[in-house]
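Engineer: Given next are the chains, with one letter for each unit.
There are 2 protein chains.
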Amino acid sequence: MSKKPVLVVGSTALDTVECPAGKVEDALGGSCFFFSTAASLMTPVRLVGVVGTDFPMDKIDFLKNRNVDLRGLQVKEGNTFRWGGRYHEDPNLRDTLFTELGVFEQFNPELPEHFRSTPLVFLGNIQPSLQLKVLEQINNPELVVLDTMNLWIDLTLDTLKEAVSRVDLIIVNDEEALQLTGKVNLLQAVVELFRMGPDKVIVKKGQHGAMLFDSQGRRFYAPAYPVMNVKDPTGAGDTFAGGFLGYLASHDMDDPATWRRAVIYGSVIASFAVEDFSMNRTRDLTMEEVECRVEELRDLVSF
Amino acid sequence: MSKKPVLVVGSTALDTVECPAGKVEDALGGSCFFFSTAASLMTPVRLVGVVGTDFPMDKIDFLKNRNVDLRGLQVKEGNTFRWGGRYHEDPNLRDTLFTELGVFEQFNPELPEHFRSTPLVFLGNIQPSLQLKVLEQINNPELVVLDTMNLWIDLTLDTLKEAVSRVDLIIVNDEEALQLTGKVNLLQAVVELFRMGPDKVIVKKGQHGAMLFDSQGRRFYAPAYPVMNVKDPTGAGDTFAGGFLGYLASHDMDDPATWRRAVIYGSVIASFAVEDFSMNRTRDLTMEEVECRVEELRDLVSF
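Residue numbers (our numbering), protein chains in the order written: chain G, 1 to 303; chain D, 1001 to 1303.
Keep in mind the hints are simulated off the structure, nothing from the lab.
Everything numeric in this text was worked out from a predicted model, so none of it was measured.
No residue lacks a Cβ here, since even glycine has one placed at the ideal position from N, Cα and C.
Be aware that one or more of the hints could be misleading.
Label-pair restraints from in silico Cβ distances [claimed, not checked]:
(1) D:1286 - G:289: 44 to 52 Å
(2) D:1154 - G:61: 39 to 47 Å
(3) G:215 - D:1184: 36 to 44 Å
(4) G:168 - D:1065: 48 to 56 Å
Just chain G, with the same shape it has in the complex (with noise of 0.2 Å):
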């Protein structure tokens, strides 16, 4: 099976972190990292975002050597995105300590001519208007899959949603699913969601799992893989978009059990990333750990 490559544009960040176990200062974080880091474990990656003259170029080495294309990262006069935050005992609440946008406040994706016609592409949760100005400079894509966040959904819901009409796939958590359809059921929320253009939708439920829906009723249901340690779950969502999308770009796209595996390999390596900070534990992941999770789970929903 030929590899395709994926492109990814959104978040550049050093992040701070600070859970019971322990905290971490200027660590590498951002969608566009975190995606990277997962999907390229199966496929190459080009990546686009926007990182301050401050930004230490050696943290992202290992990313290089794993065949992600960094000729989209643009360095601009200033200082790099930086976000803090701090878990509690329980990882599933965390307070934002600050967030200090730099050089990402005026980011303005541009993709380089050779990126113009990657097949598949990841927008990740940037604001909607640079993910439309995204889809302009792509050129016959096989699959554009969208990412957002309550944010945009309180501040900008109508560019939101012209983007959400001109993409394949979103993917969202069920708090998003519901409050951008207006919907208390899941489902019902979900056949919205396919009204307004997609005609797949991911729904990610965290320490619950994931489903794929698309719009021909067909659904899959992935648990998370139960993690017992939970250090740090910043940055799980893009992993799990990145694994996922890494996935579906090295097997055959045509065949519906694809898409079902790209859930389970998205949210096997996401379950990884969650036991360290930042990509500690998933810049070293090798992919028979993670067949070894798989299987795991395959196992576990068994009957």
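Here the structure of chain G is known, so what remains is to put chain D in place on it, guided by the hints.
Structural biologist: Relative to the frame of chain G, chain D by itself:
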């Protein structure tokens, strides 16, 4: 396969339920009746509970017709336990409108002689001291399952722990598992529950399904069957328990696969229960309808 009888001891009530889709008054409710309706689809049930002299006995004629032995149902001078609740648009949210214990306040479970050697026992969600009284009256059960709730964790923790230490399997929801053990991670809570005595644990996660754990480290995840229109979630947990124990009692309990399928059957029968008020959907449910959803669940998680 022989069908073993199952003993259930719990509440027997008349429920008044309001939800966006309508309202019922004095509808059949309580853990005993929900459990029995589900379990008796597959195996004989022996019921121990108490109702007042006001109880309309014709409401439970259908249970006699499906092999529920009601000779343990006491009738006492006074009113039947009545509960009233109102569900919001989001059926996960409800307000309790009233709780009138009536004769249930003085409930003293007494097992008819021929109930005492029942091989499978379900201690429904009642005061732990009453669960202990039942344990004193049973002889050599093969399996004792205990259900409980946050109220007893708050009010009578020591007595609850005593009861838990004497059963084989505890059924809790995810919040109760954490509260009962003081943990913030579900897997850690399960390890602690095994320390308390049971060698099997079921954690119910509502719309996110249920997990079965055993003390040898085996675990099984059953997704909830996705329901588009949840009308009345009252009794879903007891219906799950009834389906689970009904399946176990009528299949080879020495086969680990039986336990997994039992969780699935419990989950599926509960998915029917929430589609209508009271036992309106489950009282006429057929095993053909159940099997159909079991196969849908099998497809839902296959990859």
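Engineer: State for each hint whether it applies.
Structural biologist: Results of checking the hints against the structure:
Taken as a hint, the range 44 to 52 Å holds for the pair residue 1286 of chain D and residue 289 of chain G, whose Cβ atoms sit roughly 46 Å apart. Checking the proposed 39 to 47 Å range against residue 1154 of chain D and residue 61 of chain G shows it is violated: the Cβ atoms sit about 54 Å from each other. A beta carbon spacing of about 39 Å between residue 215 of chain G and residue 1184 of chain D agrees with the range 36 to 44 Å that was offered as a hint. A C-beta distance of roughly 53 Å is found between residue 168 of chain G and residue 1065 of chain D, which places it inside the suggested range of 48 to 56 Å.
Consistency with the previously given hints fails for number 2 only.
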